[in-house]
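Model the full structure from these sequences, guided by the hints.
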Amino acid sequence: MNQRSDVLTLEAVGKSFGSTTVLRDITLSVASNEFLTILGPSGSGKTTILRLIAGFEAPTTGRIMLDGADISQMPINRRPFNTVFQDYALFPHLSVRRNVGYGLMVRGVPKAEIEPRVEAVLAIVGLQDYALRLPRELSGGQRQRVALARAIICEPRVILLDEPLAALDVALRAQMCKFLKDIQRRLDIAFVFITHDQQEAIAMSDRIVVMRDGRIEQIGGPEELYAFPASRFVAGFFGENNLIDGVVGAVDGARCKVETPIGPLWGSARGPAAVAGAEVHLAIRPEALVLGATDGHRFVVRDAQFAGPTTLIEAQGVVAPEVTLRLRVPSGGTRALPAVGDVVAIGWSETDARVIAAEGSNG
Amino acid sequence: MKQRSGLFDLVLGTLALVSLVIIYAPLAVVWVFSNWQPVRVRGALQLAPFSWDSYVALTRNADILGALGTTLLVGLVSMLLALILATTFAMYYWRTAGVSRQIMQALVFLPFLLPPIVVGLSLLIAFRELDATRGAFTIVVGHTVLLVPVVYRLVLTRLNSLSPSLTEASLDLGASQWQTFRHILLPQLGSALLAGALLGFAISFDETMVTLFLSGSTSTLPIRLWSMMRLGFVPEINALATLVVVAAALATAVFGVMQLSGKRGER
Amino acid sequence: MDDRRDLWRMGWAAFCLGLPFLFVLAPIGTFILYSFWHNESGALVREFTLENYRAFFADPVFRNIYLQTVALCLGATIVNLVVGYAIALFASRRPPRLRFALILMFMLPLFTSYIIKVYAVRGILGHRGVLNELLLASGLISEPITAFIFSQSAIFLTFIVLYLPFAILPIYLSIERIPENLGTASADLGGSQMDEIRHIILPLSLPGVVVAALFNFVMTFGDFVTPTMVGGTEGFTFGRIVFSQFGVALNWPLGAALAVILLATSVLAVGVAGLAMRWSTAR
Chain A
1 MNQRSDVLTL
11 EAVGKSFGST
21 TVLRDITLSV
31 ASNEFLTILG
41 PSGSGKTTIL
51 RLIAGFEAPT
61 TGRIMLDGAD
71 ISQMPINRRP
81 FNTVFQDYAL
91 FPHLSVRRNV
101 GYGLMVRGVP
111 KAEIEPRVEA
121 VLAIVGLQDY
131 ALRLPRELSG
141 GQRQRVALAR
151 AIICEPRVIL
161 LDEPLAALDV
171 ALRAQMCKFL
181 KDIQRRLDIA
191 FVFITHDQQE
201 AIAMSDRIVV
211 MRDGRIEQIG
221 GPEELYAFPA
231 SRFVAGFFGE
241 NNLIDGVVGA
251 VDGARCKVET
261 PIGPLWGSAR
271 GPAAVAGAEV
281 HLAIRPEALV
291 LGATDGHRFV
301 VRDAQFAGPT
311 TLIEAQGVVA
321 PEVTLRLRVP
331 SGGTRALPAV
341 GDVVAIGWSE
351 TDARVIAAEG
361 SNG
Chain B
1001 MKQRSGLFDL
1011 VLGTLALVSL
1021 VIIYAPLAVV
1031 WVFSNWQPVR
1041 VRGALQLAPF
1051 SWDSYVALTR
1061 NADILGALGT
1071 TLLVGLVSML
1081 LALILATTFA
1091 MYYWRTAGVS
1101 RQIMQALVFL
1111 PFLLPPIVVG
1121 LSLLIAFREL
1131 DATRGAFTIV
1141 VGHTVLLVPV
1151 VYRLVLTRLN
1161 SLSPSLTEAS
1171 LDLGASQWQT
1181 FRHILLPQLG
1191 SALLAGALLG
1201 FAISFDETMV
1211 TLFLSGSTST
1221 LPIRLWSMMR
1231 LGFVPEINAL
1241 ATLVVVAAAL
1251 ATAVFGVMQL
1261 SGKRGER
Chain C
2001 MDDRRDLWRM
2011 GWAAFCLGLP
2021 FLFVLAPIGT
2031 FILYSFWHNE
2041 SGALVREFTL
2051 ENYRAFFADP
2061 VFRNIYLQTV
2071 ALCLGATIVN
2081 LVVGYAIALF
2091 ASRRPPRLRF
2101 ALILMFMLPL
2111 FTSYIIKVYA
2121 VRGILGHRGV
2131 LNELLLASGL
2141 ISEPITAFIF
2151 SQSAIFLTFI
2161 VLYLPFAILP
2171 IYLSIERIPE
2181 NLGTASADLG
2191 GSQMDEIRHI
2201 ILPLSLPGVV
2211 VAALFNFVMT
2221 FGDFVTPTMV
2231 GGTEGFTFGR
2241 IVFSQFGVAL
2251 NWPLGAALAV
2261 ILLATSVLAV
2271 GVAGLAMRWS
2281 TAR
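Line order of the protein sequences matches chains A, B and C. Numbered by the numbering used here, the letters in the first sequence go through residues 1 to 363 in order. Numbered by the numbering used here, the letters in the second sequence go through residues 1001 to 1267 in order. Numbered by the numbering used here, the letters in the third sequence go through residues 2001 to 2283 in order.
It is worth saying that the hints were derived from the structure and are not from the lab. Please note that a few of the clues may not be correct.
Label pairs and their in silico Cβ distance ranges [what the hints assert, rightly or not]:
| id | chain 1 | residue 1 | chain 2 | residue 2 | range |
| --- | --- | --- | --- | --- | --- |
| 1 | B | GLY1013 | C | GLY2190 | 55 to 63 Å |
| 2 | C | MET2107 | A | ARG136 | 52 to 60 Å |
| 3 | C | LEU2202 | B | GLY1098 | 39 to 47 Å |
| 4 | C | LEU2268 | B | LEU1017 | 20 to 28 Å |
| 5 | C | ALA2013 | B | GLY1013 | 52 to 60 Å |
| 6 | B | VAL1099 | C | MET2107 | 32 to 40 Å |
| 7 | B | GLN1188 | C | LEU2202 | 39 to 47 Å |
| 8 | C | ASP2006 | B | GLN1188 | 49 to 57 Å |
| 9 | C | SER2142 | B | LEU1007 | 33 to 41 Å |
| 10 | C | ALA2014 | A | LEU132 | 43 to 51 Å |
| 11 | C | PHE2111 | A | VAL170 | 34 to 42 Å |
| 12 | A | ARG78 | B | VAL1099 | 54 to 62 Å |
Each residue gets a CB set at the ideal place from its N, CA and C atoms; glycine is no exception.
Structure, rendered in structure tokens:
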């Protein structure tokens, strides 16, 4: 296990504007060289966290710590963090090189030293030939790279990125994801990245913080969140999930028996959801369901949607019609596709069934 | 294609033409008199042949030239003061919240909204209470009070059009508040400040009503004209008046061209 | 370090509040105070009294001049409104380039010197002014008409020359704001040009008319320079009375009180305009 040194820590941070509470009890830490994504729908408070870290707002409760020292009240311009803004915030009257060199200029770095450093950073982001252009002469992607260069040159401890890819078109976005991840690895510093797009989060992050209504829902690596969502919300955020309602019957270590409408099912559980009597969902990814399993449960095919390489099948339980499962099967292939009305057996491996807390229960 | 009522337009057009003549006639007459001086020949009015005499006489009239100098000086000083003060006030409004900025703004706008006669006599009374003598200083104060709301409005409008992330970005990169103002905000305000300077200078140059209360023995050009109108004329007045009109027209043209041409950038 | 920051903030706030207070609020406050004091044998007595206001309301001379001035300014305003509306309407019915040029031509005089315009008008209207000379030369009259200058009518005419452009612009802007397709719709429904003007343009441009009227009235009512220059002894307006208290008459408290009345009149005009605005855009 790598020794993790945390550069930044938020301890029980809360933020209210007047009578509106935007953030509640936020506790997280950022390692010195990790790519951390804060993911959530709009209104979840993710941008507010960024602004608190950068210093544009001060926390109402809790503390922000840098290397163990409380910086909650430290003014923006003294914090060793730099921000890449959603609208890039390039200074319109300054050329690219003056924009990038701004942070050094205001610190009194001599001009002779600024120029080579600007050139070096522009080379990193691939804009060496654009030094004399003005922001209005650049494309969206180029502007974003200038904003990044401007942040990098000051050698901050953390770079904060506020939904930087939101204004770019889809093709460019994928490119920029890779680009940002590369740069982060090269620079070996922490990136805190804000987005509402789970694909971006999965593509780039070392860890993801899932936010909802001002609270942290879950923190973990992409695979972990995908495989072990702690709540229905997180489960729904990352791809599709089949959810079967049930109540926990018995707990056996990491396994749970859940009483469901289609009978008792075993699933793997981690964490506080696995308590006898708790209301839970059994979450199974569509790709984990197997058609024609020998010990499968009986379902009636209600819909089969051709989607190119795969076909999405929706099936209703024979024994318990309120349970609906969706699964994906390859469209071509040796086996014929089931037709609507066919009764099929659907099965899955126990390890692919996750037990997660139901909404409304404290889990 | 809309149906045009020819008669209606004719009536409107004639009215417009007559109004145009009435509005411009005074200025035209002044110009004519400057180059074709009016003389009385046996009681009837006649025009002397074309000459530049009145303009030449203007350059020799120390009285008028002195007043012109005072006007220019007062205009320059008031304009600069107004620029600095108005920018400071606008920054305060833009960067703070709460009731104090509203009070400040209301007070800043007040001299613009009040009739000039009220502004003039209020300042006169205030100066008297302070035992201040009237002169160039009091005129400058009066003009500055009048110019600040105009410049303030221009600067604040421009500030409001700026994205707040510009200031945030500057601070985020380590700049102090003053550095942010100097390097980022001030350049953005350039056009508003220039417009304010020109407009302010023009207003100060022509200001009559408030100045009448505050001038004492010093004279700006409008004050000089005022006293001349009550006491007596010299032909140079027509020359001066024509020059002022031409200057105003030129300034407007320059201003218009400036607005139309594009912005530059620092490379 | 933070203390220094707070000190700067406080200083800035003190500056931004202090200066307007000193140079705007204090003088206005003092002026209002003055209206409640009075002069006794040339010296200022700082005791509260309503004498000045009583003088205004009781003295028929004051009252008459006040009402006369109101009538004069209302009259000039109305003329400017009518003529201004005609001009704005005419301009709005021309193709765009011509429209812009027309409005510019009417606005240009605004950028020339106010006092020079007054001086110029006086030159035309005088006993031996251009107007009289033209009329004499053409044989229409045998003696110069003295009524042109140094009279109420002189003030009236000068007000029109000076303030007509101020009326044109707001009206023109409000006419311009009316969507083009309304006129087309009216024509489509069988309306004539006159119908369009009466039922669409006129009602929708009323806000601009209200603004123009307000500007014109408040500016003319407060203008004392023009009446002094062209009014002579006959043309005594309320503004002149106020001004003279600070000149030869040297009764500052009375002047202040009368100025308060002038201010109140302007404020009243703003209130009326506000009501008219609401009325004109209601329905």
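Practice item. Any hints from earlier that this structure breaks? Give me their numbers in increasing order, please. Key: 1, 2, 4, 8, 11 and 12
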